[in-house]
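K.L.:
Full structure from sequences and hints, please.
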Amino acid sequence: GDSVTQMEGPVTLSEEAFLTINCTYTATGYPSLFWYVQYPGEGLQLLLKATKADDKGSNKGFEATYRKETTSFHLEKGSVQVSDSAVYFCALSDSEIFHSGGYQKVTFGTGTKLQVIP
Amino acid sequence: GAVVSQHPSWVICKSGTSVKIECRSLDFQATTMFWYRQFPKQSLMLMATSNEGSKATYEQGVEKDKFLINHASLTLSTLTVTSAHPEDSSFYICSAKDRGLFEQYFGPGTRLTVT
Chain A
1 GDSVTQMEGP VTLSEEAFLT INCTYTATGY PSLFWYVQYP GEGLQLLLKA
51 TKADDKGSNK GFEATYRKET TSFHLEKGSV QVSDSAVYFC ALSDSEIFHS
101 GGYQKVTFGT GTKLQVIP
Chain B
1001 GAVVSQHPSW VICKSGTSVK IECRSLDFQA TTMFWYRQFP KQSLMLMATS
1051 NEGSKATYEQ GVEKDKFLIN HASLTLSTLT VTSAHPEDSS FYICSAKDRG
1101 LFEQYFGPGT RLTVT
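For the record, the sequence lines run as chains A and B.
FYI, the numbering for the first sequence is 1 to 118, going by our numbering.
FYI, the numbering for the second sequence is 1001 to 1115, going by our numbering.
Just so you know, the hints here were simulated from the structure itself, not pulled from any lab data.
Check the hints yourself; a few may be wrong.
For lysine to aspartate or glutamate, the following EDC-like pairs were computed, each having C-alpha atoms within a straight-line distance of at most 16 Å [claimed, not checked]:
1) A:Lys68 to A:Asp54
2) B:Lys1014 to B:Glu1087
3) A:Lys60 to A:Glu76
4) A:Lys105 to B:Glu1103
5) A:Lys56 to A:Glu76
6) A:Lys105 to B:Asp1098
7) A:Lys113 to A:Glu42
8) A:Lys56 to A:Glu69
9) B:Lys1041 to A:Glu8
10) A:Lys113 to A:Asp84
11) A:Lys105 to B:Glu1059
12) B:Lys1066 to B:Asp1088
Here are a few chain A residues that sit away from chain B, every Cβ distance over 12 Å (derived from the structure) [what the hints assert, rightly or not]:
13) Leu19
14) Gly29
15) Glu69
16) Gln81
Backbone N, C-alpha and C define an ideal beta-carbon position, used for all residues, glycine too.
P.N.:
Given below as structure tokens:
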């Protein structure tokens, strides 16, 4: 079945440092890929997504590129801020079902906690 | 953006009792709601999917008689853990989506501890 593997945390960085959170996936078809973020005490929020190979998702300074050849979707940010401290989840969804608008199942990674210190 | 709330945010109950968790969409119609379970340092595991007015579809391995899901309105779904045992202690998260839209909006989660 589908699965997502992401690096274990916690990741601790100083403010303005470069961030990379690795994510690789296993899927039978051509999934859509996502990064969700969960700030303390809040629900998960969609951070960015990519629906086909070589697409780059970006939002709030974060980027991730859908790499089909390496089955990866690594999250990067050039200069992190204290406000970026949160748990980040990589996820995938069956692309075919997604586009049809029907029932879609999202498979999540285990989450990576990021702590940014001033 | 769309907001989903859960109540309670945490609950402690005794083994053998039942506990109900509510999930509400506050500013949109949730035609589909999802219930997830998260163990420490593990990913969110989908338990079931429910469409408003229909019976929930449970994932393989999830006991439908133990985890009762009701989605009676477009803004409310409930998860009832019946005859709870300590192994049911976990973090339960709901999400909701509107028909025709992809994005799921997640609630903040409910921490259940069974003693």
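K.L.:
For each hint, tell me whether it holds in the structure or not.
P.N.:
Each hint, compared with the structure:
1. Restraint check for Lys68 of chain A and Asp54 of chain A: the C-alpha separation of about 7 Å stays at or below 16 Å, so the hint holds.
2. Between the alpha carbons of Lys1014 of chain B and Glu1087 of chain B the distance comes to roughly 12 Å, so the proposed pair stays at or under 16 Å and holds.
3. Proposed proximity of Lys60 of chain A and Glu76 of chain A is supported: the alpha carbons are some 11 Å apart, at most 16 Å.
4. For the proposed pair Lys105 of chain A and Glu1103 of chain B, the alpha carbon gap of about 11 Å is at most 16 Å, so the pair holds.
5. Straight-line distance between C-alpha atoms of Lys56 of chain A and Glu76 of chain A comes to about 11 Å, which keeps the hinted pair within the 16 Å bound.
6. At roughly 15 Å between alpha-carbon atoms, Lys105 of chain A and Asp1098 of chain B fall within 16 Å of each other, so this suggested pair holds.
7. Taking the CA atoms of Lys113 of chain A and Glu42 of chain A, the gap is near 14 Å; set against the 16 Å cutoff, the hint holds.
8. Straight-line distance between C-alpha atoms of Lys56 of chain A and Glu69 of chain A comes to about 15 Å, which keeps the hinted pair within the 16 Å bound.
9. The suggested pairing of Lys1041 of chain B with Glu8 of chain A holds, with an alpha-carbon distance near 9 Å, which does not exceed 16 Å.
10. The suggested pairing of Lys113 of chain A with Asp84 of chain A holds, with an alpha-carbon distance near 10 Å, which does not exceed 16 Å.
11. As the CA atoms of Lys105 of chain A and Glu1059 of chain B are separated by approximately 10 Å, the hinted pair is consistent with the 16 Å bound.
12. A hinted pair counts as satisfied when its Cα atoms are at most 16 Å apart, and Lys1066 of chain B with Asp1088 of chain B qualifies at roughly 10 Å.
13. Every CB of chain B is more than 12 Å from the CB of Leu19 of chain A (nearest about 20 Å), matching its label as outside the interface.
14. With 12 Å as the threshold on Cβ separation, the claim that Gly29 of chain A sits away from chain B holds: the shortest Cβ distance comes to roughly 16 Å.
15. At roughly 24 Å, the least C-beta separation between Glu69 of chain A and chain B is larger than 12 Å, which holds for a residue marked as non-interface.
16. Remark: the non-interface label on Gln81 of chain A is consistent with the geometry, its nearest Cβ contact in chain B lying 21 Å away (cut-off 12 Å).
In summary, the structure agrees with every hint in the numbered list given earlier.
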